[in-house]
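The residues making up each chain are set out below.
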Amino acid sequence: MFWDKKTETLDRKQMTSIQTERLQDLAQRVCAAVPFYQEFFSKGGVKPEGIKSIEDLQRLPFLSKHNLRDTYPFGLFCRPLKDVVEIHSSSGTTGKPVVVGYTRQDLDLWASVMARTLCCGGVTEKDVVQNAYGYGLFTGGLGLHYGAQKIGASVLPISGGNSKRQIMLMQDFGTDVLCCTPSYSLCLAEIAEEMGVDIKSLKLRVAFLGAEPWSDSMRAEIEKKLNIMTLDIYGLTEIIGPGVASECEYKDGLHINEDYFFPEIINPDTGEVLPYGEEGELVITTLTKEAFPVIRFRTRDITVLNPEPCKCGRTLVRMRRVGGRTDDMLIIRGVNVFPSQIEDVLVKIDGVSPHYLIVVDRKGTMDDVEVRVEVSEGNLFDEIKRFEALERKIKNELESVLGISTRIKLMEPHSVERSMGKAIRVQDKRKLKGN
Amino acid sequence: MIVKQICVFLENRKGRLAELTHLLGENKINIRAISLADTSDFGIVRLIVNDTEKAHQVLKKAELTATINNVIAVEVADKPGGLASVLAILQSAGQNVEYLYGFLEKKTDKAIMIFRFDAIDAAVNVLKEHGVSLLSDQELRDL
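Going down the list, the protein sequences come from chains G and U.
Here the first sequence is numbered in our numbering, starting from -9 and rising by one per residue.
Here the second sequence is numbered in our numbering, starting from 15 and rising by one per residue.
It should be emphasised that the hints constitute simulated quantities derived from the structure, not laboratory data.
Quick caveat, the model's predicted, so the values are computed rather than measured.
You may find that some hints are simply not true.
[Said to hold, decoys possible] No more than 30 angstroms apart at the CA atoms, straight line, and that leaves these computed lysine-lysine pairs for DSS-like: (1) 42/U <-> 399/G; (2) 190/G <-> 68/U; (3) 385/G <-> 68/U; (4) 412/G <-> 68/U; (5) 154/G <-> 75/U; (6) 28/U <-> 419/G; (7) 142/U <-> 74/U; (8) 399/G <-> 28/U; (9) 18/U <-> 154/G; (10) 28/U <-> 193/G.
Pulled out of the complex, with its shape left as it was, chain G reads as follows (with noise of 0.2 angstroms):
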């Protein structure tokens, strides 16, 4: 199913034009705007006029997360406040919080990108949709809920949180479409289990999920606990929030919405951009927002880009699901980790649940890491000997994979915090320490 049948179809050479002459606009644009980009563009010597073609676009420097705080609140803004009417902001936990803002344009793009993103799952005006990502600032809560409206389905803004609700109305209700993270969607249905709600027997029929990295396992874990089918969508507040991509039924990549998007791959650590079906950092310009467009915005994300048509017919260039951020990968012992590889691991183990959190610290001079996983309630031993020899199984998986020795701490069921939003999975107290 489409919503924009035409564009998500368009060959690359239409789909060049139209970058290319929205590239240009937004040169002039911002330039007129921002004196931070009038500099920007002085760095890369290319005035906006000068930019002929979509290649032009990288003789521009990149910007990143430190640029956004730098000009907090409103100093990238390229249209005053009274043309803003929605302000969003990121969680901040990291330093100063990003701040972005829309006019009513942005967000009827935000909406339409929205619909496309539900479409790719066959979301119709017929269909109840619980949107359980928080509303407020995050973008996620009115991001899905934009989108679903201008589909014309029947939005249930519930928020995050509240499980036992969330269960009722989705059974009361007889909910279709489940908005929310992956970790949440675990958490529901163990929720459910507790109620004596059979999930699997709802109406349910898919959940797109997104808003944080997710393995295969764990999909394949929430598609046979709820018997849905699930779709990664993908987006960050810095580009509109989510949007930005969304897999299709065929699940094969994510379509990237490129006429608004503009996707480029590059080496992290040089800069260079990447050709097609290599791995690097993804690095995105906005081509047509108003309010808060950003020019070769560094995600963190690593992907792969690949513009191979699509079975379900679109041709909008595809991203693999993104397994990590540059910044969450964790180098312990000077080897790289990512949190998505250690689930990977324990997801296929029985005796464990897909909870568990890696407490990172450093014992003298040695990085020391403890993976620490609830026990299963359907498989417990009454013997000492099967949880060690449990502990050695993850052990020695988790080593084979991560060429790195763990620790493994099994827990009691329930004792890895739940989250509503995003999971936190990795605990680094080398930082604290100040390392």
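With chain G's structure known, arrange chain U on it following the hints.
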């Protein structure tokens, strides 16, 4: 002659065992026998109680991980060599004991040992053939 035992997985942290026993007491569940196996991180508490099903419900409701499994209860003479004679029978029959724990019967000269075997049926047969007295689930709870 199979007896039901309830096992609880507990993290090894302060007050956890006190919480567990308090919870059982509060729900009028009497502990007949208890054994604790532990590592530095976690422990397994094994219990024989007067109402296994109820105990299981109570523990689940409190979000504790518990499971019920099969053990046997053997009556041994409460005198030197009492347990040794039972173990000698099992050893000569090649039956391996996974673990055991015991308690005294009130006002008698018997002690009761709870045995966990991998091959529980074979072990029961060996003990019966040698005239060792086994208690049924009901007998154990009526003590």
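Checked hints:
This hinted pair does not check out: residue 42/U and residue 399/G have alpha carbons roughly 33 angstroms apart, beyond 30 angstroms. The suggested pairing of residue 190/G with residue 68/U holds, with an alpha-carbon distance near 28 angstroms, which does not exceed 30 angstroms. Distance check on the hinted pair: residue 385/G and residue 68/U sit about 36 angstroms apart at the alpha-carbon level, beyond 30 angstroms; violated. Between residue 412/G and residue 68/U, the direct Cα distance comes to roughly 37 angstroms. Violation of the 30 angstroms bound is thereby established for this hinted pair.
Of the supplied pair hints, the one linking residue 154/G and residue 75/U holds, its CA atoms being roughly 16 angstroms apart against a limit of 30 angstroms. Note on residue 28/U and residue 419/G: the hinted pairing holds, with a Cα-Cα distance of about 23 angstroms set against a maximum of 30 angstroms. Proposed proximity of residue 142/U and residue 74/U is contradicted: the alpha carbons are some 36 angstroms apart, above 30 angstroms. Proximity of residue 399/G to residue 28/U is assessed by CA-CA distance (about 16 angstroms); at most 30 angstroms being required, the pair is judged to hold.
Taking the CA atoms of residue 18/U and residue 154/G, the gap is about 34 angstroms. The hint is violated against a cut of 30 angstroms. Taking the CA atoms of residue 28/U and residue 193/G, the gap is near 45 angstroms; set against the 30 angstroms cutoff, the hint is violated.
Checked against the numbered hints above, the structure violates hints 1, 3, 4, 7, 9, 10; every other hint is satisfied.
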